[in-house]
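Participant: Listed here are the chains, written in short residue letters.
Number of protein chains: 2
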Amino acid sequence: MNELQQRIIAEGRVLPGDIIKVDGFMNHLVDIKLQRALAKDFAEHFKGREITKVMTVEASGIPLATITADELGVPLLFAKKAKSDNIEGGLVCSEIHSYTYNKKVTLMVSAEWIGPEDKILIVDDFMANGEAMRGLVDIITQVGAELVGVAIAIEKGYQGGGDRLRAKGVDVYSLAIVEHAEPGNIVFR
Amino acid sequence: MNELQQRIIAEGRVLPGDIIKVDGFMNHLVDIKLQRALAKDFAEHFKGREITKVMTVEASGIPLATITADELGVPLLFAKKAKSDNIEGGLVCSEIHSYTYNKKVTLMVSAEWIGPEDKILIVDDFMANGEAMRGLVDIITQVGAELVGVAIAIEKGYQGGGDRLRAKGVDVYSLAIVEHAEPGNIVFR
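As they're listed, the protein sequences go chains A and B. In short: position in the first sequence from 1, add 8, done, that's my numbering. In short: position in the second sequence from 1, add 8, done, that's my numbering.
If we strip away everything but chain A, and leave its shape as in the complex, we get (with noise of 0.2 Å):
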């Protein structure tokens, strides 16, 4: 069992409605150090791999996301959900479901900071239904950059997101892949 792993079993819990609560960790209050541990292997992963920017979409990746381009020496690239007016013209865009919020949401990137000569690779904390990474393959592919790979740090196995895109050939790597999560028992492949 990883670093990543233990910790969810001492310190997460399952709430109702399928939430793994890690808050205290990961997505609320953010203990870097772990953060650094787990990027650090997102980059052995995938090292060589000539990655020239890191991709996520607010905002509780970002953290993990940045760290992770810290451990890389690229810069990062975060989506965002809905029009600011702080974007201008330019967007390359995706529609996805919320299931957090049942609702649509716009991805939303500028087209000035990303391009053909790319090779991103995707990082967020969770992945469950893999709306948000279908998302942002979307914008990937839409601009003609290369996805080198999404690294996650918890994916809800048994909601299926990665393993589509894995059927898809992308290269997904996950650092704890729950299958079965109820109270006081979670369960990884």
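Watch out, some of these pointers could steer you wrong.
Because identical chains share one entry, a pair is satisfied inside a single copy or across any pair of copies.
25 Å max Cα-Cα, derived DMTMM-like pairs, lysine to aspartate or glutamate [said to hold, decoys possible]:
| id | residue 1 | residue 2 |
| --- | --- | --- |
| 1 | 41 | 79 |
| 2 | 127 | 19 |
| 3 | 55 | 154 |
| 4 | 112 | 58 |
| 5 | 48 | 171 |
Source of the hints: derived by calculation from the structure; they are not laboratory data.
Chain A is already provided as a structure; the job is to place chain B on it using the hints.
Facilitator: Structure of chain B alone, referenced to chain A:
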């Protein structure tokens, strides 16, 4: 002129609506090496203050806050902006006015992750009217934690948020205070 100010002059743009666009290195595509330089400057300014946590609000300030937390060797706590299923009970809240979206927004932190023993450094990429900062300071006050200071990359000095906090005795440390901004002419304090 420091490194951030040089980058703002070289790469920033002033858009209608009083927007200083720095999304090629600060808040969309993020230059992590620059964030590290800014974080080192923050750490030097606040050294010896026994900071226990860095605090910010989602989303665009998270990369800088993450690198600052990494630099200081402490966890990051980020306030959330809307009720998500992933936060349960025990919330500390503060209502602010978002000028970006022109509506009321509630900032929330779980009471589990902040308390009277904490010495908090607030970090954000931008401060304009200072509403987000006012909300974070309110949350810190409600739980009886100590506010060590506020570290900002870019402050819009002419909007007064920073000076209002300084007038209350808060140590507001901003690396680029913009006093005047129009296309082709950005003046720092």
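Participant: Would you mind marking each hint as holding or not holding in the structure?
Facilitator: Results for each hint:
no.: 1; hint: 41 / 79; result: both (12 Å within a copy, 11 Å between copies)
no.: 2; hint: 127 / 19; result: between (35 Å within a copy, 24 Å between copies)
no.: 3; hint: 55 / 154; result: within (15 Å within a copy, 42 Å between copies)
no.: 4; hint: 112 / 58; result: neither (34 Å within a copy, 44 Å between copies)
no.: 5; hint: 48 / 171; result: within (23 Å within a copy, 41 Å between copies)
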